[in-house]
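We have chain A already, so just place chain Z on it with the hints.
Protein chains: 2
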Amino acid sequence: MPDYKAPLRDMRFLIDHVFDFHGHYTGLGATEASPDMVNAILEEGARFCENVLSPLNRSGDEEGCHFDNGVVTTPKGFKQAFAQYVEGGWHGLAADPAYGGQGLPSSLGLVLSEMIGSSNTSWGMYPGLTHGAMSAIHTHGSQAQKDIYLTKLTAGQWTGTMCLTEAHCGTDLGIIKTRAVPQANGSYAVTGSKIFISAGEHDMSENIIHLVLAKLPDAPAGTKGISLFIVPKFLPDTGERNGVSCGSIEHKMGIKASATCVLNFDGAEGYLIGEANKGLNCMFTMMNHARLGTGMQGLCLGEASFQGAIKYANDRLQMRSLTGAKAPEKPADPIIVHPDVRRMLLTMKAFNEGNRALTYFTAQLLDTAHLGTEPAQRQEAEDLLAFLTPICKAFMTETGLEVTNHGMQVFGGHGFIREWGMEQLVRDCRIAPIYEGTNGIQALDLLGRKVLGSQGKLLRGFTRIVHRFCAANADHPQLKAQVAHLDELNQQWGDLTVKVGTAAMKNPDEVGAAALDYLMYSGYIILGYLWLRMALVAQVQIDSGSGDADYARGKLATCEFYFKRLLPRTAAHRAAVEAGSDCLMSLPAELFAL
Amino acid sequence: MPDYKAPLRDMRFLIDHVFDFHGHYTGLGATEASPDMVNAILEEGARFCENVLSPLNRSGDEEGCHFDNGVVTTPKGFKQAFAQYVEGGWHGLAADPAYGGQGLPSSLGLVLSEMIGSSNTSWGMYPGLTHGAMSAIHTHGSQAQKDIYLTKLTAGQWTGTMCLTEAHCGTDLGIIKTRAVPQANGSYAVTGSKIFISAGEHDMSENIIHLVLAKLPDAPAGTKGISLFIVPKFLPDTGERNGVSCGSIEHKMGIKASATCVLNFDGAEGYLIGEANKGLNCMFTMMNHARLGTGMQGLCLGEASFQGAIKYANDRLQMRSLTGAKAPEKPADPIIVHPDVRRMLLTMKAFNEGNRALTYFTAQLLDTAHLGTEPAQRQEAEDLLAFLTPICKAFMTETGLEVTNHGMQVFGGHGFIREWGMEQLVRDCRIAPIYEGTNGIQALDLLGRKVLGSQGKLLRGFTRIVHRFCAANADHPQLKAQVAHLDELNQQWGDLTVKVGTAAMKNPDEVGAAALDYLMYSGYIILGYLWLRMALVAQVQIDSGSGDADYARGKLATCEFYFKRLLPRTAAHRAAVEAGSDCLMSLPAELFAL
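Just so you know, the protein sequences line up as chains A and Z, in that order.
So in this note's numbering, spot 398 of the first sequence is number 398, and the numbers just go up one at a time.
So in this note's numbering, spot 545 of the second sequence is number 545, and the numbers just go up one at a time.
Bound conformation, chain A alone (with noise of 0.2 Å):
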């Protein structure tokens, strides 16, 4: 496994010089997250990531978590880094002072986030889920609830799940067959079964929380008939063992020291957190947290694998570059040499920077709409979170699988040796395409909910911003070429926006046939747009000669590596979203296959 370095170099330029971070905070009032503050984070964070987290992550892998008999086990070392990472204040970061946490905006947990995912993406699902449980008793929950339990889940004595999957449905929420049946005492008795819980059962906590998605008897059919509970594992006022346990754990393709479980409810004791049959409402104003978090696991793995890939393009020998000998005291060139493998570099480059910049964008929107004074201002960046979340989770996602793909390409056959670490990347990147809304669901979720259901105007809010940046920049001496390439796209997006909203007045399945490849679409157009906004600083730190000159170079020349070879795939996915749903739905079902 290559050793995890936080690239604090990146995350600073984009923290002091591109995102302008201490203006954005004291523009909000979170003056606590000053600049030393920030810089506190930074350095700390990386320091128990790379001490703490990184050395058991491929331990973590081979060793997996063990059930036995409902008790689940995991990997040696995963306790201890729990017990640390509380102790060190990190788990309640971000989290409301009011029940123990330290009160900083949510871009600053976001980036210890990548740092969490980078070194061990397995250990972060624990409290990554327990983060996500806070988030909806914050926001949902009674005063009493919150009192009991967020103070709790904020001190890491306790953690939490979310419980919404069951064997039949994913997607498909409004089909679930949990039953709560009110109780004589105001609780609830859930009963029913769920599957692929993350830190279900684990023995890093006193207890477990689980908000677990049920209907009641009268409850309407669908999605609009489904309420949220809080089941905890112990009740917390008697400290009894409550009638949930863990039926067996799942064997996976990647993220192995993560507890997936199956979870059986039997009469277990619950509370109904939010209103009655609004529980898919409290699940969803936390999605666009999640969706990120989901998101950075594309970027975290991503970075991982080309930290190890750029080592081993240094270091391994074999063949010549073309135009001769490059280390003639060797018996071979270095790989990197070969303009092949500085294409799967700066492949991974790009996307990598890319993306982290494109969280860094979407973290501040999060605060704004957190923490903003106006209410315009809120709206505003709700509106950009909502259009922006489906991207971020699955243009993130997408791009940082073919990334961790090209980190393993790089080492050749021993990319494929799990010793070297770098195929549990790609393993454990995997899901990240599937979970917390499937790839396709995100899609649908840009461009039917998002897009066209605003009749365009979220778009719009996002095209409108990248327009009176490429015409404040027209001029820009060195950049004006590629900003007029985005500029261009930019309008065509927009145009092609229209053509498939015209097409799905008449048929709503052109919708789901241009989705994914409209989502890609404009995850480049995206990254396009930040590539300029980190190049243009770049340049002026060269032309003043301010900042940090050769890495400002490497971030010019992967902005011209991102316009010249990899925005061209916009042409391919443009061309399959004008394609339409015809070539897709002709063909009968029952032909697929014969």
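It is worth saying that the hints were derived from the structure and are not from the lab.
Note that the structure is a prediction, hence the values are computed from the model and not measured.
Heads up, a few of these hints could be off.
Capping the alpha-carbon separation at 30 Å, the derived lysine-lysine pairs in DSS-like fashion look like this [what the hints assert, rightly or not]: (1) K506(A) - K457(Z); (2) K330(Z) - K278(A); (3) K506(Z) - K564(A); (4) K224(A) - K564(Z); (5) K326(A) - K278(Z); (6) K506(A) - K330(Z); (7) K506(Z) - K330(A); (8) K330(Z) - K326(A); (9) K330(A) - K177(Z); (10) K480(A) - K480(Z); (11) K480(Z) - K506(Z); (12) K311(Z) - K177(A); (13) K499(A) - K480(Z); (14) K330(A) - K278(Z); (15) K499(Z) - K480(A); (16) K177(A) - K278(A); (17) K326(Z) - K499(A); (18) K506(A) - K480(Z); (19) K224(A) - K326(Z); (20) K506(A) - K326(Z); (21) K499(Z) - K564(A).
Using the frame of chain A, we list chain Z on its own:
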């Protein structure tokens, strides 16, 4: 694991209608490959693979190979299956009758290989490597060597390996360290360590015959100083154990039931095969076959994945169609009603059937190159083979990996769970773009050695075929638009090649910079040609009421899908080719990561 059913309908569509195998065999005088014989091989081969190999696929993955003090044990059932395979006469199907084979054309061996690879890729490695060794001995061995080794190898009593890679070199064989010192008795003492040796040690045969690349004491440096040696595990005359031992087996991402061995040669007795210092040439003469076989792994695993995905897409109920319920009597519609699921399924189908057509097209060339009666005919086939082989290897494995990933995605969360078998197909497929020459190396071989190295002659040999085809079908009532599209791309292909060739004359790095995208670009066009050939036949069947109209409809719909949604990817690859090498080479290696 999805139950494998050999796709006999598609195989027969190609064999009987698109490629007229009967006429092809008759023309080559291979009359033993009669329609009855072909039919028997299809049906009995399918039975063997479905009933014997397929049931061992998942258990083999779970169990893996065991290593204990130099002894390798294959998973339960593997040895027995090999015995059945040999008894059934499958092993010697395409082998020389002079040594006990049945002498059927190579193309029939490949038809069988597909079924083996789809049902159990790991198992298929053992006979596959043996066929490679047989081919090397047949082409380059002395009569005595053939008499001793080929007879036992053909009979399946012994198996074979190819020992090329060492820890410090895979691609760059010029720097191998294994040494062969001449002995008084005419043999050589071979000393060195080889890694990644598939089937290097196992329990399936009485003896293992290693073909080993090593350097003679006075050998010139580099690839012109490599010789090839036969090194048996047990000496054939005395039965004594030779000085070669298995030091360990690798723990891999996939093909876990294929033993990947470290082999230590410690003064092992070896016998020179072919001329001294011409060992690499000996290896290269059998590369076409081996690389085609590796390319087929993309097809094989893609086919297995499609079979799983299509069944699941028809069974799994989730959400309603956007155009209204299609199965109102059920709680939800089968997911095949959703356009995005169909996008994945049709992508799988289009690549699998296109790649199968490419395999059969190339397999016929292999026959002609071996059996052609006229030297010019053989040369033409050799030229086309030289051109197509790297494309088969790289394009079919890249697209095969995409296909297996789609298949997993169709399953949603269940795709990530080992029990369903879909993730194994991704893991097993992931080695194919790496071994037998990475796809980057294939791309250099195609663009540098084959296309530019022949001043475009090898490319023109293929574009001429496409051009004639387009001219002949320019007025086709139903398909003329697609014919015109192909014709345009075919011309663009030539123009693009000239452009790259011109740039490469000034800067050799232009070849490496363009190579992989050039190969993929070429692959998409070639599959377009083959899809149109299939569509023409399908249209004839529908028009004439002959053949299977339902099957023909599927072909036409998939061809349309391919042209509308996959072929446009050529635009992105072309842009990447045209981007040139500067955006890859300008950044100094030390600035890639800071």
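Checked hints:
1. K506(A) - K457(Z): violated, 50 Å
2. K330(Z) - K278(A): holds, 25 Å
3. K506(Z) - K564(A): holds, 21 Å
4. K224(A) - K564(Z): violated, 39 Å
5. K326(A) - K278(Z): holds, 28 Å
6. K506(A) - K330(Z): holds, 26 Å
7. K506(Z) - K330(A): Holds: K506(Z) and K330(A) sit about 26 Å apart, inside 30 Å.
8. K330(Z) - K326(A): Between K330(Z) and K326(A) the Cα gap is close to 66 Å, so the pair fails against 30 Å, i.e. violated.
9. K330(A) - K177(Z): Holds: K330(A) and K177(Z) sit about 15 Å apart, inside 30 Å.
10. K480(A) - K480(Z): Outside the cut-off at roughly 42 Å; violated.
11. K480(Z) - K506(Z): Distance ~40 Å between K480(Z) and K506(Z) Cα, so the pair is violated.
12. K311(Z) - K177(A): Holds, because 24 Å separates the two Cα atoms, which is no more than 30 Å.
13. K499(A) - K480(Z): holds, 26 Å
14. K330(A) - K278(Z): Judged against 30 Å, a Cα distance of about 25 Å means the pair holds.
15. K499(Z) - K480(A): holds, 26 Å
16. K177(A) - K278(A): Given that 30 Å is the threshold and the Cα spacing comes to 16 Å, the pair holds.
17. K326(Z) - K499(A): Within the cut-off at roughly 27 Å; holds.
18. K506(A) - K480(Z): Holds, at roughly 28 Å.
19. K224(A) - K326(Z): The given pair, whose Cα atoms are some 22 Å apart, holds under the 30 Å limit.
20. K506(A) - K326(Z): holds, 18 Å
21. K499(Z) - K564(A): holds, 17 Å
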